[in-house]
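Novice: Protein chains in written order, with this note's numbering: chain S, 1 to 295; chain Y, 296 to 633.
Hints should not be assumed to be uniformly reliable.
[As the list claims (entries may be wrong)] Computed footprint of chain S on chain Y, listed as stretches where at least three residues anywhere in the stretch have a Cβ under 8 Å from a Cβ of chain S:
1. 345-351
2. 378-384
3. 394-405
[To be verified] From the structure, some residues in chain S lie toward chain Y, with a derived Cβ separation under 10 Å:
4. W30
5. K39
6. T125
It is worth saying that the hints were derived from the structure and are not from the lab.
The beta carbon of each residue, even a glycine, is placed where N, CA and C say it ideally should be.
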Amino acid sequence: MSSAVAASPPAGTPALARPRRPSTATVWRWELRKLVSQKRTYLGIGLAAILPLIFVVVQNVHQHQGQGHGGENVFFSEITQSGLATPVLMLLFMSVFMLPLIAALVAGDIVANEDGNGTLKTILTRSVDRGQVIAAKALAAITYAVIAVYVSAVVATAAGVASWGFKSITTFSGTVVPAPKGLLLVFAANACYLIPLLSVTCIGVLLSTATRNSAASVVGTLGVVILLLIVAQIPGLEGIRPYLLTEQFENWHGLLRTPTDWAPIAHSAWVCALYAVPALFAAYLVFLRRDVAGG
Amino acid sequence: MSAEAPPVKARGLVKRYKEVLAVDHVDLNVHEGDVYGFLGPNGAGKTTTLRMALGLIMPTEGTVELFGEDPIRAGARALEGVAGFVEAPRFYPYLSARKNLELLAALDGRDARSRIDEVLEVVELSPRAEHRVGGFSHGMRQRLGIASALLRRPRLLILDEPATGLDPAGMRDMRLLIRRLAEDGITVLLSSHQLPEVQELCDRVAIVDSGRVVYEGALAELRRQGGAGYRLRTTDDARALGVARAQPGIEHAGAGEHGLSFQAGEPEVAELSLALARAGVGILALTPELATLEDLFFRLTESDGASGAAASRARGEGPIGLAGQTHVTSTPTAVKIG
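Okay, chain S solo, but in the shape it has when bound (with noise of 0.2 Å):
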């Protein structure tokens, strides 16, 4: 900043017109920017893809070598007649845990981190209101939990229809469904799942925005998550399962049965609401109230 280029007009003219604000659309967009230039962001997406790969990898050496395949469900028994049977199992081993961790990965992290260093603050005193940000970074973890579904089950369906072919499947119920079909029944699965999973990245967002501490919020949200699995399995309280968030994790069964049952994927539906506008909402009243000072 030398005097000579200090001496140059710094254009510091008066704008004296109400200038047009940017829409949150826009602070969302800059939210995703901002993920994408994060390693940490990676971390999650490669789980969702690393998994279903080593999943197929060790079915087909155990098909090598003769073995068989074990587990009650309908689907371990089709691993390899069809390559369809891959998203549903996964999606079945990682609903509880993994693809939660992988939500509250950035949902945890999103308002606490930039508190955490200060860019908040940065932010803040720009033409966007607290209102805005702290939608833009809710729906940015949203998008995140939608992305790394969906990159867990394009890559199983992909590396599973590699390794056994795109074949009719069987249902829960017994029916046999075309392949076609039976690829759209596996991403609308996939996108039922999303319904409780959003819950629980809503839930990040609170504790990310409440606790100002990003491995607090991961940890917490995951917490809330083996708490209510724990909930889930203390003798007396079966009254209070099907209200458990934990419980709607399985919501997605219902289309995989002839003919479809669209009950559970209602009553999760309203369920699932009953924690994520709370949690929200709670988010929202704390970030616009809040003193920013850290960093």
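Using the hints provided, position chain Y relative to the given structure of chain S.
Specialist: Same frame as chain S, but now just chain Y:
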């Protein structure tokens, strides 16, 4: 944003953290075109006050308005035409300088994006524009902070210790830049520990101590009232001393190794010079000696500064800390001199 409203108007600002009173009924009045120095020892409450001004933290009591808009109530709308940073400017270390500015320009809207090259040029960061900020030195981040502020075409620039951590050349360049911005019509609110910097740049100041404003007003007035003295060399110092002591309005007249010294207002000095001429004493040199900002700062903030101020307020009397002729008008929220 009202065109007539002052850039910054704070009334009775209080910030309390449990038992700690960080800011205690602070009033600030920054006028259009001011280069306003905000001074105080570490922990005096300067940064907390600036955070409240930018809407980053909520006041426990009181209000602050930027061009007539309250940043707490109006949110981002109150920050239109306002830019700056508190403490060190922070950026995303994994993004380049240009990407950081693109992000901030996107959050500013308008034509901010088109100005990125221009502001990078102003702060001489164009050659490093594509480098990640994570590898930047402290000084480079400070310059990037200024660049990010200029993106907004500010009418009010709030800078918290902008020269901290800069080398002497960097500090000089920062001063030149701030002066240039002020000449372009930007009002500057500058928090600084660098008293020479404030003395050189600012026309009005607020001095805070222990969360309270102990002086707010024109820097020249503070210096004049804080000990406006004169040094006099004549053809006959002994005779001149007699004339001076007999002259009304001349105080503390005395002789020293380098001539006479006394304190007086400007009309009394003019009268003295005429009286010396009538007495046949020739004037070799008559030099005003204003107290430095550093002198005044320490008088206001050290020793009995805060407690003295409080005690003076409680008694409804002045002066506090400053030289004898300074008068203090007490108000419930601030102590004003003059």
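Novice: So, against the hints stated earlier in the document, which numbers end up violated here?
Specialist: none
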